[in-house]
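Asks: Residue strings, one per chain:
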Amino acid sequence: MDKPTDKDTNCGSGNCGCNGNSKPDGTDQTFNKVTDRRNMLKSLTAGLLAGTGLVNSACSVTASDDTREKKSLEWEEYFKGNYQLMTDEEKEGTVQRLARLYELNNGKHANISAQGAREDVLYGYAFNISKCQGYMDCVNACVQENNQDRGSQMQYIRIHEHENGQLNFELAEDDYYHEVPAEGHFYMGTQCFHCENPPCVEVCPVKATWKEKDGIVVIDYDWCIGCRYCMAACPYDGRRFNWSNPQVPEEEVNENQHYLGNRLRKKGVMEKCTFCIQRSREGKNPACVEACPTGARIFGNLLDPNSEIRWVLANKKVFRLKEDLGTEPKFWYFMD
Amino acid sequence: MKQLTIFFSLVRDGLDSATTGNTKYHVWMGALTLIMLLGAYSYYIQLSEGLIVTGMTDRVSWGLYISNFTFLVGVAAAAVMLVMPTYVLKDVDFSRAVLIGEGMAVAALIMCLAFVTVDLGGPANAWHLIPGIGTFNFPNSMLSWDVIVLNGYLFINLTVPLYILMKKYQGKEPNRRVYLPGVMISVFWAVGIHMVTAFLYAGLPARPFWNNALLGPRFLASAFAAGPALIILALQVIKNNSSYKIEHTTIRKISMVVTVAAQVNLIMLISELFKEFYAPTHHSISAVYLYFGLEGKNALMPWIYTSITMNVIATCILTIHLLRKDLKWLNLACILLFVAVWIEKGMGLIIPGFIPGPWGDIVEYFPTWIEIGVTAGIWAMGFFIFTILVKAFIPIEQGTLRYNKS
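Residue numbers (the numbering used here), protein chains in the order written: chain A, 57 to 392; chain B, 78 to 483.
These aren't lab readings, by the way, just hints derived from the structure by calculation.
By construction, the Cβ of each residue, glycine as well, lies at the ideal position given by its N, Cα and C atoms.
Each computed DSSO-like pair below joins lysine-lysine, with the alpha-carbon atoms no more than 30 Å apart:
1) Lys127/A / Lys323/A
2) Lys267/A / Lys378/A
3) Lys352/B / Lys378/A
4) Lys378/A / Lys374/B
5) Lys330/B / Lys316/B
Far from chain A, some chain B residues (derived; all Cβ distances over 12 Å):
6) Thr110
7) Leu115
8) Val268
9) Pro294
10) Asn318
Let the hints inform the model, and build the full structure from the sequences given.
Replies: Written out as C-alpha cells, the structure is:
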C-alpha cells in the first residue's frame, strides 16, 4: 500500500480541491497528479461531499448546521477505507468523526480509542474448570462492557453445564435456569478463542476481520459486508451477527470505547469477543475476568514469563478444544 | 463506431421483438413483473428491518438465498453441456439449442449474483468487494474466487453469443477463429464455477457435513442433470410457442446427457450415504439429523426423502430407453429431477451443514414469507431475463430480423 499523503481528508466543508502541497504548476497538480486508489476515493468523496453539501444548502434552507454536519460526516464515513490499512492520522480521523456523530445523534460524549497493540504482548486466556460454578456473572459483565444488543440478548460467552463423567458438548446444557452449581455437574465457558490460525480470517472476502499483533482477532464493523462466511467457518461459535438494529438503552451505554471493540454496532454486521480490547490495551483485565467471583478466569501476556497465564501453562495440565482442526486457540482449559 | 451503431440497432430491434407478442406472452411477462414487484417489496422490508425478518439465526446463518445461489450456479454451469458439443465437437444437433443454453446461463448467473446480494447484511458496502477499490481477499477467501469466476463466466456468456448474434444480424457467418477461444475458456470456466462454489463449503473443517472431497464432483453431476433438464423443458416451451424449430434429435441428445449425469449423481449419493452411516462417527451427526432427526427435531426429513424419491424415479425413467424416448415421460423425469436437485442443494445440503451447531445445539430453520417473497422475485427476474433474451434471439437466428443499414 502506498502511504497516502492527504491533507484533504477533512474537506467536509465543501471547500475542496485544496491539495495543500506546494507544487509549482496548477495544471500539473490537477491533471498530472499520481493518484492511487485511496486518493482517488478521497477526491471522489470530496466531490460527493461538495455536491451533497450544495444540494443540502440549496434545497433545505431550514436544515440546521447539525443536520448538515451529520450528513457530511456520514458520507465521509461511508467512503472511508479498511481500518487495517489506515495510517495513524486516518484512524484518528475516523475515530473523531464517529465520536462527533455519536454526539450529534445522542447528545452524549463517547470516548472512542484507536489505540494499537502494545509491544511484546500476545494475549492468552486460561479457564479453570474446577473453579467455575456457572454463576454467569462473566456473561452479564461482558454484555454490559461491550454494548451488546439487548434486543436479541446477544452474548459472546456461553457457559456449558456438563454432567460429571463426560465431556460431550452435545449432551451439555447451555440454557439452564436452576440454582448453580448443580449437584454432579461441572461448568465450562466458551467464547472466541482468538486462534493463532483463525479460519474466520481466511475466509473473509474483504479482509474486514484480522488478527492484531497482540493476537486479538478483531472486526472492522464499518468494512464488514455481512456475508456471514466467517460465521460458517468458525468451529467454536465465536461470532455473532446483528440480525436487526442493536438496542442498547441510553443509560447503559459504556462510553469507554475502542474502534475495534465495544463501540456501537449497526445492523447487518458481525461482531465478537475482543478480549475487551478497550480494557486489555490499557493493561486491564477483560470484564469477564474481573467479574468472575470464583477466579476461574485467567488472562495475561503469553510473552511475559512472569505472567499468571504462563505459570498456568507451565504448571497445570492444560488442553484446548477441537485441536484436530489446527486452529491453535489461545484459550486453554485446566483443572486444579 | 460502426460496430457500436450496429450494436445499438441490435438492442433496439431485440427490445422491439421482446415487447411484441400475443396475449399469452403479455400475461406471462405481466405475471413475472408482478412477482418481481412483490419480491422488491419484500426486499424493501428486509432492508429496513434487517435480516431478522428472515428465518436465519446465529445457528443457521445461511438459508434459502444461499441455497438457491448454489443451485443456480449449477444451472449456469450446465450450458457447457450444449456449448462443448456444438462449438468444439461441431455436432449440428446441438447448435440450435446452444444459444438458448447460453441465455439460460446468463439469466442463472444474474440470479446468482442477486441471491448473494440479498443475503448480505450490508449491501451498501458491497463495493468493498471490487478488486482495486475495496480490499479483495484473494486468493485466500473462496468467496473472492467465486466473485471472479461468476463475473468472468457472465462476461464470457454475454460476449460469445453477442458476437455470434451481431454477425448473424448483419447476415454474415461468424468467424470460428474469433469465438472458439472464448468457447474453449467457457468450457473450463463452467466446471470452474461449480467447483469453486463447492470449495466454498468444502473448505470449512468447522462443518464436517460439507468438508467432503466428493462435494465438488457431486455438484457437477447434479448440475449437469438439473441444468440440461431445464433446457429440455424450455426448448419445448419455445417450440410450442414460436415458429422456431427444434428437432427431436436435439432433445434426445440432451436427454442422454441428463441421464448419465443423473446416474452418476445417484452413485455419488450412495457413496455418501455409505460413508456417513456404515461407521457413523461424530462427524456424521448432521447426516443423522437430516435423515433421521435428532432429539425429536426432524424438519428436514420430509424434504430429503421427497428429493431422493424424485431423484430415483427420474433416473429410472431416464434409464429405460422406451420411456426416455417418450416426450411425456421425459418431461416428467426432467421436472422431477429439477425439483429433486433444487431440494438437494438447499434443504439437503446448505441447511443441515449448520445443524447441529458447533456446540451441539439444534435450532431448526424455516424460511419466512419475506424470504420466500424475495426468492420468488429473483426467480421471476431470471425467467423475465431469459424470456427477453430468447425472444430477441429467435428472429435473428431465423433470419427474419436483419440489420437495416438505412
